[in-house]
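Protein chains in written order, with the working numbering: chain A, 1 to 360; chain B, 1 to 360; chain C, 1 to 360; chain D, 1 to 360.
Because the hints were derived from the structure by calculation, they are not lab data. Quantities reported herein were computed from a predicted structural model and do not represent experimental measurements. We put the beta carbon where it would ideally sit given N, CA and C, even for glycine. Misleading hints may appear alongside valid ones.
Said to hold, decoys possible - If we take Cβ atoms under 10 Å as the criterion, some of the chain B residues that face chain A in the derived model are:
| hint | residue |
| --- | --- |
| 1 | R196 |
| 2 | H203 |
| 3 | L206 |
| 4 | D214 |
| 5 | Q235 |
| 6 | T257 |
To be verified - The list that follows gives simulated cross-link-like pairs (lysine-lysine, DSS-like), each with its CA atoms no further than 25 Å apart:
| hint | chain 1 | residue 1 | chain 2 | residue 2 |
| --- | --- | --- | --- | --- |
| 7 | B | K215 | A | K215 |
| 8 | A | K215 | C | K215 |
| 9 | A | K52 | A | K313 |
| 10 | C | K215 | D | K215 |
| 11 | D | K52 | D | K313 |
| 12 | B | K52 | B | K313 |
| 13 | B | K215 | D | K215 |
| 14 | C | K215 | C | K52 |
Number of protein chains: 4
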Amino acid sequence: MQEMTGQADTPELVQLYRDFEVNSMAPLWTQRDDLMPMVPSPAAVPHVWRWKTLFDIAERSGELVPVGRGGERRAIGLVNPGLPGTAYVTPTLWCAIQYLGGYETAPEHRHSQNAFRFVVEGQGVWTVVNGDPVRMSRGDLLLTPGWNFHGHHNDTAEPMAWIDGLDIPFSNYTDVGFFEFGSERVTDEASPQTSRAERLWAHPGLRPLSGLDDKISSPLSAYRWEHTDRALSEQLALEDEGYPATVEQGHAAIRFTNPTTGGDVMPTIRSEFHRLRAGSQTAVRHEVGSSVWQVFEGSGTVLLGGVEHRLDKGDLFVVPSWVPWSLRAETAFDLFRFNDGPIIDRLGFTRTYLPSKDDR
Amino acid sequence: MQEMTGQADTPELVQLYRDFEVNSMAPLWTQRDDLMPMVPSPAAVPHVWRWKTLFDIAERSGELVPVGRGGERRAIGLVNPGLPGTAYVTPTLWCAIQYLGGYETAPEHRHSQNAFRFVVEGQGVWTVVNGDPVRMSRGDLLLTPGWNFHGHHNDTAEPMAWIDGLDIPFSNYTDVGFFEFGSERVTDEASPQTSRAERLWAHPGLRPLSGLDDKISSPLSAYRWEHTDRALSEQLALEDEGYPATVEQGHAAIRFTNPTTGGDVMPTIRSEFHRLRAGSQTAVRHEVGSSVWQVFEGSGTVLLGGVEHRLDKGDLFVVPSWVPWSLRAETAFDLFRFNDGPIIDRLGFTRTYLPSKDDR
Amino acid sequence: MQEMTGQADTPELVQLYRDFEVNSMAPLWTQRDDLMPMVPSPAAVPHVWRWKTLFDIAERSGELVPVGRGGERRAIGLVNPGLPGTAYVTPTLWCAIQYLGGYETAPEHRHSQNAFRFVVEGQGVWTVVNGDPVRMSRGDLLLTPGWNFHGHHNDTAEPMAWIDGLDIPFSNYTDVGFFEFGSERVTDEASPQTSRAERLWAHPGLRPLSGLDDKISSPLSAYRWEHTDRALSEQLALEDEGYPATVEQGHAAIRFTNPTTGGDVMPTIRSEFHRLRAGSQTAVRHEVGSSVWQVFEGSGTVLLGGVEHRLDKGDLFVVPSWVPWSLRAETAFDLFRFNDGPIIDRLGFTRTYLPSKDDR
Amino acid sequence: MQEMTGQADTPELVQLYRDFEVNSMAPLWTQRDDLMPMVPSPAAVPHVWRWKTLFDIAERSGELVPVGRGGERRAIGLVNPGLPGTAYVTPTLWCAIQYLGGYETAPEHRHSQNAFRFVVEGQGVWTVVNGDPVRMSRGDLLLTPGWNFHGHHNDTAEPMAWIDGLDIPFSNYTDVGFFEFGSERVTDEASPQTSRAERLWAHPGLRPLSGLDDKISSPLSAYRWEHTDRALSEQLALEDEGYPATVEQGHAAIRFTNPTTGGDVMPTIRSEFHRLRAGSQTAVRHEVGSSVWQVFEGSGTVLLGGVEHRLDKGDLFVVPSWVPWSLRAETAFDLFRFNDGPIIDRLGFTRTYLPSKDDR
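Pulled out of the complex, with its shape left as it was, chain A reads as follows (with noise of 0.2 Å):
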C-alpha cells in the first residue's frame, strides 16, 4: 500500500506496522495479489523423472537401506523442485518410488491418509491389505484407503518397485492425520491370485448384497491390469466403428472407480488411465488441481507448459494446477494418471479451459 501511496514512510506508519508484527496481524494490501492471483500460480513446477534414474536409486537404497519399524517403508518420494525442503510432488500429493528386496517384509501400519499402490513393471509383492493379500503385478492399481492396517512383504527372491501414491502433504497441511502401528510381520502371508476383495467386489455391476452400505473409498482393493487394458482397447474400437467412446480423437481414457457410489476410489484421490493411438495428440487442457503421470508403455512426449518433454516406459511427471498440458504418442501410448480431482470437485473449485487453437 505504500506502493499504492507513493508516499515516504511517516512514523505513525512505521509504528503501525510495527504493531501489526508485535500482535500477531499483517495487513491484507501488501500481499493480496500473491494470496489472490488472477489465476492459480502454483509454487509447485512441471517436472520429469527419469524410471531409469529412481529405479538405480531405489535399487541402491534396497543395498544399502534397511526397511522396518520406524521408517516404516523404503519409498523415496518425489520431490517438486517448486517445493524444496519438502517431499510433496504437488502442493496436495505424495508420489514416491517403494523398493521391496527379495523375501523383504514392509510391516503392517494405517493411517488416515489414503494411499495406492501403481506397477509400472515387475511383480512378486503382496499388499495386505486389513488382513487381505492382494497380489501386485504390472498394471494393477492396489488401494490402501485410510485407517486400513496394510503392509507388504515380497514372496519371491527378485527385488521389485513400484509407485505409491497418496495424500500426505494435503493431510500434513490441514492437521487431519492418525498413524497407528501394526504386525511387524504381514497378518496373512499367503500369496493368492485373487484377493478376497476381488472375488467379492470384482463382478461388472453386481454388488453383493452383504455390502449394500455405501463407503467412502472402494471396498475393490485391486483393479487389474486385464480389466482396463480391455476397456480401453474396447473405446478405441468402438470409435473405429464411429461409435461415440473416446474422450476425443484417438484418446482413450477410463476412470478408476468405488463401485459403491460411481464415484472417485478415495475422496482425496482420483486416478484414471489413458491411452492414446500412435500419432494422435490431445487438446490442450488447463485445469484446476494437481496431476501426476506415468508412462505405462510406448514413447511419446508431453508439452508441459509450452515445454516439450519426451517421455519413455515409467517416466513420471507433474501437472500444476492451471499448467497447460497436452500429450502427443509416437507409439500407442498408455498413461496412468492421478490427481486431487475429488478435492476440487466436492470443495466446487473445479474449472477447464480449452484453448481453442487460435488462442494458443
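Add chains B, C and D to chain A, keeping to what the hints say.
Frame of chain A, contents of chains B, C and D only:
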C-alpha cells in the same frame, strides 16, 4: 360409524350419506380400517406358476398369434389371482413370458415404463436397445430402461422364450407413461457376442471418461451369467474359508447395479440373484414391497405365508408385500428375483421383519 | 390380436385364450394400448368441489356422527368421479375435509401414511404431533409425516374445519402401510401459540446443532401464514422493481421444504402456495403427476382440459396427470396446492410441456 | 534411517543421499514421523487476540492507509504465531478485521475464495453482493460465496469494523483461486434494510419456485441477529421446560445453512453461533479441523490445550486441529464460530473425541 354407534339410521343420517354420494364425497370412518390396515394386507396373493405350463402356452401362442405392430409383443402376463381383470403380477409389477419364433421380429418402440428381460433357457434372440444389438442367453439380465427404443429379433430358426419384467402396473396406476412407435424391423440386425454398452461399461470398477455424467438407469444393457455365476460361487467359497461374504449361512446373493451410482439398475425395479447351498434354508422374512422370483436352476421349496410350494427350474412365484417367505434348497438352488424395492426405499416406506424362531 | 389378424376365432385360439385364464395369464397384445397409452390417460378426471357445499356437509356430519376410536376422524374424502367406489381424489392422493366440534378430540394414532392439514378458515384446534401441540390457524400448513403419533383437539367452543392431504391411495395401492392406535385423548392438551418444532426449526437458514442428522420428512410441523404471505408479497414486489423472482409475469409461488435437505416436506407429497396478481394468467401446462388445489383467497377461473371453471374462496379442484391447466385471476388470487411430485421426481418420470400459443 | 541402523555413514550412503537431492527425491524414512504423526500435530498454535487491540490498530490504519483498487480492502489478517510469515489464522482459514471510514468505499471484485463477514459491533456499511446491497449490523452474518462480485460502502459518517473470514490459505495452498476486478464504486449505492436475497430466501422452510435448482453455496446473503438470537433463546427455554434442544446442558447452538440443501453455507467454511448460560461449561472436545471463535457478548474463559484464557466481548481465539477446548461462561456467553468443517467432512477426515472426566 353407524356400526360404532349401534344406532338405527335416522332420516338425517340417510340424507347425509346420500349427499356424500351426490357431491363426490366419501367418509373415512366407514373404510378407515380397510384403507389403513394395521400391517400391509395386499389384495395380491402368493402364487406359483409352472414354467412347463407357461412355456407350453407361449409355444401355442407362437403358432396361433402373430407378432407385430399394434400388439407389439407376443408376451403373456402373469395375472395375480388376487388382482383379477388385470395382467398384474403385483400392484406395481408386470411379469410376462415372451416368445419369439425362428427369425421373427418384435418391432421397435419406446415407453416411459422400465423393462428388463431375464433368460432362463434358450438363446438366439438379440434385443436392440437404442440401436445397440444385445445378445440374449441363458442366465443373462438385459435392460431396457424407460424411453429407450427397443425391439427384438430372432437370428435363428429356433424359437426362444424369456421373461419380461416391467413397472407397467405402477406406471398405469400413477399415470406417468408415454409411448412411441419406432422402426418395424430392428434398426441393427447384427448379432454380436457383446453389445456396445458392455464394451463401454462391463469392466469392474472402471468408467469411461466419456461417460462421467450419472444416469438414472444403468447404461449397462447386459449382465452376463458368467459374471453372476462367478460372483455367487466366490461368496460361497469365501464362506467356506471362514470369511463374511454371504447374506446368511449358505445363502449367497448379488444385486444388479447401475455402475454410475452403485444403486439399483432402474428407478422402479430392483433385481437380484440368489444362490442357496443344497440343504440350506433362509430365515423367514417379512418385507414391505412385492417381489417376483424365478427358479434358474435346481429344486427346493418356498414357504409363502405358511404354505410350502415345491419349485423346479423355471417356476415363478410372487411374494406380495409383508407376506413372510423362506426358501429351502434341496439341491444347489439358483433363483432370480426382481421387486419394487427402489420405489419403497426412495419413498421412505422400507421395513423388514425377521421373526425370531420362537415367534413363528 | 384377433382384430389384428382379422380372422375368425379358430377352436385352437379359443382354447388358448381359455388356457390363459385357467393358468392365471393374460396376453399383452389385447390390452397393450390401454396399459401403455401414447400419453398419460388417467381414469381420474378434472373436478371442482365447492367449499360451501363441503363445509355444509361437514357441519351436518358434526351433528350426526361422533368422532372417536375406530373411525378415528370425522373426515370426508373427496371422491374423484373417475375413480368411483374409492375415496381417492387422485390415484395417489387423498383429500378430505375434517371437522371438529367445540371441545371435541380426535384420538391419537400413527401410520406410515404421510399427512398434512391446511387451514382455509377458522382456528381453535391444536394438532398434537408426537406430544407437541401445534396450533392450527388460517393459512397454516401443518405436517404429520409417516409414523408420528398425532391427534387433534378443539380448545374452543367453536367448531373448526380444514383439509387433510394424505398419500392413502398410494400407500394402499402399493401395500406399504402400517397403523397403530395411540392415546384416546391427546397427550398434551396445552394450547401454545408456537409449537416446540417451530421453536427449534422455524428460523430462516438456521439449524439446531442438536439436529444435524438429515430427516426424510421435515421436522418443522408448522408453516405459518405470516411467512408464506410475506414470501409471496416480496416476490411480487421484486418483480415490480424489475428483478427476477416470480415463476412467470404476475405469478409468485413458494414450495414448502424440509429444512434438513431443502427438498420436499415429505417423501410422497409436495406442497406449494401460489399467488396471482389480479388480471394475470398462467401459461397452459401439462405435468406428469396429479395435483389438488384449494383457493385460499380471491376469485378467478381455472381452465382444466379446455373447460373453464369459476373459483371462489375454499373451492377445491383436481388436476389429473397430463391434463392441461391454466389459472386466471380476477382479483388478487391465492391458492394452495399439493401433489405427488416427489413420487414422480424420485422415480424418474418427470415431464412438463408448455404448448406454445400457436399449438393451443 | 541412519538412526535406525545406528551405523556410521558409508561413502555409498552419503552418495545415495546426495543423489536423492540431485534427482529431486527425498526418502520417506527420515521424515515419516513428522509427516504422519500419531495424532494431528499442527504447526498452528492456540492464540487469543483482543478486540480492543485489533480495533485500535484498525482505527489507526483507517487514518494512515487508504482503501482502493490494488490493495482492495483495509483488512488486517490475524497471523497464527505458529505460522509466521503468513497471514493465516489456521492452515485453511483467513480471519481479518476490516475497517471502513465514514463514506468510504471498498471497490468491487470477485474471486474463487469463499468469504463472509461477521459484525460484532457497529453499523452503517452495506456490502453489495452481485449488485444486491446487504445491510451490515451487529450480530449479522453476511456471505459472499466464491465468484460473486462484491464491494462495501459506508453510508454514514461513522467508521465501522467487522471480521472477514475466508478460505484464502486453503485456496492458496491448493492453487484453486481466480480473481477479477470489478467496479470502482459499488454498483448499487442504495441502503435498504433488507436485501433482495433475504426477501427471496429468508422465510423459514419456504423456497421460491423460481429457485428450485440447488446451489453449492447459500443464496441467502444475510443471516440476521434477530433470528439467531431467537433460535438460541428458544433452545435454552426448551431445555428449561425439560425438552431436548441443546447440545449439552446449558449450551445452545445453531449452524448457519444453505437453504437449498440444508448443508453448510459454503463448500469450505462452516459457521455457527453458540450460547452458554452463565455458569455453564462445555465438555472438553478434540476435533479434526481448525476453528476461529469470536466472543459476541458476555465474558468467560476458554481452556485451550490445557491453558485457560479470559475472554471478553470481541476477543478472538483460534483452535488448531485436535487441540482440546472447553468453554466456561461467567455471564451469559455468546460466541460466533467458523471453521473448515465442510472440508474435513466432505473428504472423510471427521473425527471427534470427548475424553471422559477420568481421562483428563
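Here is how each hint holds up against the structure:
no., hint, in the structure
1, R196, "holds, 6 Å"
2, H203, "holds, 4 Å"
3, L206, "holds, 4 Å"
4, D214, "holds, 7 Å"
5, Q235, "holds, 6 Å"
6, T257, "holds, 5 Å"
7, B:K215 / A:K215, "holds, 20 Å"
8, A:K215 / C:K215, "holds, 20 Å"
9, A:K52 / A:K313, "holds, 9 Å"
10, C:K215 / D:K215, "holds, 20 Å"
11, D:K52 / D:K313, "holds, 9 Å"
12, B:K52 / B:K313, "holds, 9 Å"
13, B:K215 / D:K215, "holds, 20 Å"
14, C:K215 / C:K52, "violated, 38 Å"
Violated hint: 14 only; the structure is consistent with all others.
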